[in-house]
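All chains should be built: construct the whole structure from the sequences, respecting the hints.
Per my numbering: the sequence shown = residues 9 to 157.
Because the hints were derived from the structure by calculation, they are not lab data. On a predicted model such as this, the values are computed, not experimentally measured, just so you know. Idealized CB from N, CA, C, for every residue including glycine. Hints should not be assumed to be uniformly reliable.
No more than 25 Å apart at the CA atoms, straight line, and that leaves these computed lysine to any residue pairs for SDA-like [said to hold, decoys possible]:
#1 Lys144 <-> Pro40
#2 Lys73 <-> Val83
#3 Lys144 <-> Val121
#4 Lys136 <-> Gln71
#5 Lys144 <-> Arg55
#6 Lys73 <-> Ala57
#7 Lys136 <-> Pro77
#8 Lys136 <-> Met82
#9 Lys136 <-> Pro37
#10 Lys73 <-> Asp138
#11 Lys73 <-> Ser130
#12 Lys73 <-> Asn133
Label-pair ranges, simulated between beta-carbon atoms [said to hold, decoys possible]:
#13 His127 <-> Asp58: 20 to 26 Å
#14 Glu81 <-> Glu141: 17 to 23 Å
#15 Lys73 <-> Gly119: 33 to 39 Å
#16 Lys144 <-> Gly119: 14 to 20 Å
#17 Asn118 <-> Leu143: 16 to 22 Å
#18 Ala116 <-> Thr68: 27 to 33 Å
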Amino acid sequence: MKTALLLFLLCVCGGAFIVAHRVSDRVSPPFPRELFTVVNQQLAAFRSADFQSAYRHAATGVQQKFTVPQFEEMVRHNYPEMTRACRVEFGLANVQGASAVVQVFFLAANGSVRSFLYHLTSESNSWKIDGVEELKGSRPNERLAGSHV
Numbered sequence: 009m010k011t012a013l014l015l016f017l018l019c020v021c022g023g024a025f026i027v028a029h030r031v032s033d034r035v036s037p038p039f040p041r042e043l044f045t046v047v048n049q050q051l052a053a054f055r056s057a058d059f060q061s062a063y064r065h066a067a068t069g070v071q072q073k074f075t076v077p078q079f080e081e082m083v084r085h086n087y088p089e090m091t092r093a094c095r096v097e098f099g100l101a102n103v104q105g106a107s108a109v110v111q112v113f114f115l116a117a118n119g120s121v122r123s124f125l126y127h128l129t130s131e132s133n134s135w136k137i138d139g140v141e142e143l144k145g146s147r148p149n150e151r152l153a154g155s156h157v
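As structure tokens, this is what we get:
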């Protein structure tokens with residue numbers, strides 16, 4: 009009985025060591041440009057009405073929640089500016105482990121600006137978009153500094 013308990017504890021400790029080692033090595037911090045590229049690729053797909061490609065940039069949780077047609081409908085209904093923004097600017101990028109948040113500003117042809125936070129997550133050595141939320145407190149015609157794309 010003692011030997012079985014000792015063997016069990018040794019296996020648990022060994023398993024914990026392996027899991028902890030893999031988790032710590034799994035995600036290396038990205039350069040902000042890498043995160044901006046993921047967002048930009050999805051936006052380019054939206055602008056060309058290629059929702060299948062845009063869907064590939066969505067995180068697993070989003071893909072489990074929406075089919076491609078549902079994803080397209082959600083974007084067209086809730087985020088129409090993403091399919092027709094005249095210009096996109098990026099603000100701050102904050103990375104914590106396997107999660108990141110990026111400020112994204114959409115500028116329309118009439119000069120109005122809408123601000124969003126993009127939430128990204130690391131999945132299988134690539135970054136995927138996990139969600140988007142609009143920043144309601146932004147001023148619609150404020151000129152912004154940031155990366156022009």
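25 Å limit on alpha-carbon distance, applied to hinted pair Lys73 and Ala57: Roughly 20 Å between the alpha carbons, so the hint for Lys73 and Ala57 holds.
Given the proposed pairing of Lys73 with Asp138, does the C-alpha separation stay at or below 25 Å? Distance of about 11 Å is within 25 Å: holds.
Within 20 to 26 Å or not, the Cβ separation of His127 and Asp58? Distance hint for His127, Asp58 holds at roughly 22 Å.
Range agreement (Cβ of Leu143 with Cβ of Asn118, hint 16 to 22 Å): holds, 19 Å
Checking one constraint from the list: CA of Lys136 to CA of Met82, max 25 Å. Satisfied? OK: Lys136 and Met82 at ~18 Å, within 25 Å.
Indicate whether the distance between the beta carbons of Lys144 and Gly119 respects the range 14 to 20 Å. At 19 Å between Cβs, range holds.
Could you tell me whether the CB distance from Ala116 to Thr68 stays inside 27 to 33 Å? The hint (27 to 33 Å, Cβ to Cβ) holds, given that Ala116 and Thr68 are roughly 32 Å apart.
Take the C-beta atom of Lys73 and the C-beta atom of Gly119, compute their distance, and say whether it sits inside 33 to 39 Å. The hinted range 33 to 39 Å holds for Lys73 and Gly119, with Cβ atoms some 34 Å apart.
Compare the distance between the alpha carbons of Lys73 and Ser130 with 25 Å, and conclude whether the hinted pair is satisfied. holds, 18 Å
Restraint check for Lys136 with Gln71, where alpha carbons must lie at most 25 Å apart: Roughly 11 Å separates the two Cα atoms, so the pair holds.
Between Lys73 and Val83, does the CA-CA distance stay at or below 25 Å? holds, 14 Å
If you draw a straight line from the CA of Lys136 to the CA of Pro77, is it 25 Å or shorter? holds, 19 Å
Comparing the model with each earlier hint shows no violations; every hint is respected.
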